[in-house]
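Engineer: Sequence:
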Amino acid sequence: MSGARHPVFVDVDTGVDDAMALVYLFASPEADLVGIASTAGNVGVHDVCRNNLALLELCGITGVPVSRGSETPLVAPLRTAEDTHGPEGMGYARLRVPRTELTGYDAAQAWVRAAHAHPGELIGIATGPLTNLALALRAEPALPRLLKRLVIMGGAFDYRGNTTPVAEWNTHVDPESAAEVFAAWTLSGAEHLPIVLGLNLTEHAVMTPELLGRLAEAAGSTPAGSTPAGSSSTPMSALDPRGTASTASNPLIRVLEDAMRFYFEFHHDQGEGYLAHLHDPLAAAVALDTTLVRYRPAPVDVELTGTLTRGMTIADWSGHWGRQPNALIGTEVDPAAFFDRFIARVGRFARQLDHS
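Heads up: the sequence shown runs through residues 600 to 955, numbered per the numbering used here.
Distance ranges between label pairs, derived from CB positions:
{"id": "1", "residue 1": "A943", "residue 2": "A837", "range": "25 to 35 angstroms"}
{"id": "2", "residue 1": "R759", "residue 2": "S955", "range": "37 to 47 angstroms"}
{"id": "3", "residue 1": "P628", "residue 2": "T702", "range": "22 to 32 angstroms"}
{"id": "4", "residue 1": "A738", "residue 2": "H867", "range": "40 to 50 angstroms"}
{"id": "5", "residue 1": "D682", "residue 2": "L838", "range": "19 to 29 angstroms"}
{"id": "6", "residue 1": "Q923", "residue 2": "P840", "range": "47 to 57 angstroms"}
{"id": "7", "residue 1": "G662", "residue 2": "A741", "range": "25 to 35 angstroms"}
{"id": "8", "residue 1": "P840", "residue 2": "P740", "range": "51 to 61 angstroms"}
{"id": "9", "residue 1": "P686", "residue 2": "H791", "range": "37 to 47 angstroms"}
{"id": "10", "residue 1": "R895", "residue 2": "Q869", "range": "24 to 34 angstroms"}
{"id": "11", "residue 1": "G872", "residue 2": "A738", "range": "39 to 49 angstroms"}
{"id": "12", "residue 1": "T671", "residue 2": "Y704", "range": "13 to 23 angstroms"}
{"id": "13", "residue 1": "H919", "residue 2": "E656", "range": "47 to 57 angstroms"}
What the hints contain is simulated information worked out from the structure, not anything from laboratory work. Yeah, the Cβ is synthetic: ideal placement off N, Cα and C, and Gly gets one too.
Using the sequences provided together with the hints, build the complete structure.
Structural biologist: Following this line, the structure appears as structure tokens:
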């Protein structure tokens, strides 16, 4: 990789895996984070804003503007996922109340401002519902041509949903916004198609207690030799009491472990095992290095009216619609390569943060 830095703008509904994605971006030297948009999704937008500001402060990151997005999807009532991410979006982790403030402009304006400030250079990442991006496109239809790259975590292609039998969470929360985003790229004539990472790809990025233990080790985090009752350090186990607190010596690792434990417990309760899918960190990694994933172009649309299929993402692989592709759909990933990079970067960052 070259030493060049690239302006990055991220739109998140933070969220445990969104938090992991943000930390990955903080830890990536080639990422010049120029803005964070907060969208309602995993939790309400107020909690998302607080989590984003608090994570920046925890990680010692200054000068990154955080903007508040829409409180609701374009059409439907908001649905949130506290059962998945915890009452405030960070699992069992408790972040300090942030001292920094939000921007005076909203998240849609933030997208447009960032794109105009870095025309042809900005890398956009969207890991939540696409409400803010759809509103930004209404305000600035040229946005697709202003971006260097857009990576979307959303949808499920020839794959089961995680919210309904056919729909992925982000798209199901606001399918109208997703449909508007794909339509905008259809009409824009933009040189670069958005990269779309659906569940068919991201569910291969499986975080386990063993991998989380590797992260703690890379950070130089000291596991307590004798932990107090009700406490532990990695590796975690499904046999641990629910909500067991991390005693990792590294403050960032401690927060990530407490967040991830809730996420592990949710997946375990769903019958998937004591593990978690890192959808959003994979999107962040791909945004910085597109070679991590293989792609296939296709026209993509979103079902809006189906009684059983609302929010379903459909790729026309065979050209039945007679449309040009409007997305590059991720089809293959090497999870080991992704996790090696994630652990190396975030571990080094956490170690440096602990000694700063």
